[in-house]
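Residues -25 to -1, 1 to 372 (mature numbering (1 follows the signal peptide of the UniProt record, and there is no 0)) are what the sequence shown spells out, left to right.
One or more of the hints may lead you astray.
[Claimed, not checked] The calculated DSSO-like cross-link candidates involving lysine-lysine, where the alpha carbons are at most 30 Å apart (straight line), are:
# : residue 1 : residue 2
1 : K117      : K348
2 : K117      : K170
3 : K235      : K300
4 : K170      : K299
5 : K139      : K353
6 : K139      : K75
7 : K299      : K235
[Said to hold, decoys possible] Computed Cβ-Cβ distance ranges for the label pairs, DEER-style:
#  : residue 1 : residue 2 : range
8  : Q302      : T167      : 15 to 23 Å
9  : V161      : L44       : 27 to 35 Å
10 : L362      : T167      : 26 to 34 Å
11 : N253      : P98       : 24 to 32 Å
12 : T210      : N247      : 15 to 23 Å
13 : S316      : K206      : 16 to 24 Å
14 : S249      : G125      : 53 to 61 Å
15 : N46       : N201      : 45 to 53 Å
Calculated directly from the structure, the hints in this document are not laboratory data.
Glycine is no exception: its CB is placed at the ideal position from the N, C-alpha and C atoms.
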Amino acid sequence: MARPRVPVLLAAAAALLGFLQTSFSFEVKESGKICITADLLVNFSVEYPAKGHQEMANFALPQTGTVLLHNSTCGKGDAPTPVLVIGFGMGQSLSLKFMKTSNQYRVEELTFSYNLSDAAFFPSASAGGEVKIQGTMEVSQKTDIQANLGTRYQCISTDQVNMKNVNVTLSNVTLEAYLVNNTLSVNEYECTRDKPMTTIATTTARQTTSQVPTTTSPAPTTLPQNPAVGKYNVTGKNGTCVLASMGLQLNVSYESKDGKTGLDVLNFIPSNTSFSGNCDNSSAFLNLTFGKAKLIFHFVRNTSIEKFFLQGVTVSTTLPPEAKKPQFEAVNNSMSELGASVGNSYMCNAEETLLVTQGAFVNLFSVQVQVFKIDGDKFGAVEECQLDENNMLIPII
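Full structure from sequences and hints, please.
Below is the structure:
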């Protein structure tokens, strides 16, 4: 069984919000020697077939997760490389396969296997569609987790691994393979996402028509203020099917031509933002275009419980001239955000962040959205987000 581990600072912050997420510890040991040790928090998002539609399952690696001894190895015979396999539920497993060079080790491949017949994790699964409910599904992807030999790898920030129908999000990670003395090394490698970002691009020139004067010394970088709130709608055969009011801010980190890391922050200006979309009884799209940047929000309807939610976000934009790759595109179709009962509206005054992919996210400000069942152009009864409810908590003295 996994051993829980909670970083002190994260635990304190979580306690203030009224919830606590715990990372768990796992080891692979053979002949009394530890070859892999890992502390990590893992969240899964899996799209799977239900009766006549697709469902989203969102769950965390449970405390009951255990190292599968018959599948994990320190490397020998037909499996010369170390592998950590964590099993949970009825057939779910997460596998980390390690490789090494003369001076580095890395997680060469992350594999997730899941069993759709496990009702505890996939309660709405059916035998319909292309996926057979009795079979175990398996997806794999390479990762960027690596460090020097004799150095532990640490990454508190989220690292999303995107695969077909599956997103695996790692966070609070501390791990090491090829250990020397049966314990984590003193030397530590901090992942790039945890390091302070050097912002080398401003967004002023992209949002106004004024020119920035040329100077011989670098000017301080200023990030834009919160974006203005815009109102957007989509009309279908039966009238308005998407009604949204929100401020939009697109954030994309990129590698510049000189090897530095830049951050492009763009506020959508409502008066200069065009919008369109389409919808049917179970799916709706809201397309928003501001200059060379485009966002597509994909909402779906869960007919079994009559709720809607944001399932996908697509981002495309042109980055500043100093970017090594000027064109950027990203998509995440495994979300479960902005949800409410059909006929009601979702509202959140607090700033929300939609993680599209590593290095790209959309910030939402003062959002209110309603999809599928709308009376004219008016929002229905409000369902508040958890962030707003937490902010309304009054301490008892």
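Hints, verified against the model:
1. K117 x K348: 42 Å, violated
2. K117 x K170: 22 Å, holds
3. K235 x K300: 13 Å, holds
4. K170 x K299: 20 Å, holds
5. K139 x K353: Answer violated: K139 to K353 is near 37 Å, above 30 Å.
6. K139 x K75: Distance of about 27 Å is within 30 Å: holds.
7. K299 x K235: Since the Cα atoms of K299 and K235 sit roughly 10 Å apart, the hinted pair holds (cutoff 30 Å).
8. Q302 x T167: 15 to 23 Å: 22 Å, holds
9. V161 x L44: 27 to 35 Å: Because 29 Å falls inside the window, the suggested range holds.
10. L362 x T167: 26 to 34 Å: 27 Å, holds
11. N253 x P98: 24 to 32 Å: For N253 and P98 the Cβ distance comes to about 30 Å; the hint holds.
12. T210 x N247: 15 to 23 Å: About 21 Å separates the Cβ atoms of T210 and N247, which means 15 to 23 Å holds.
13. S316 x K206: 16 to 24 Å: Hint holds: Cβ distance 22 Å, inside 16 to 24 Å.
14. S249 x G125: 53 to 61 Å: 55 Å, holds
15. N46 x N201: 45 to 53 Å: 49 Å, holds
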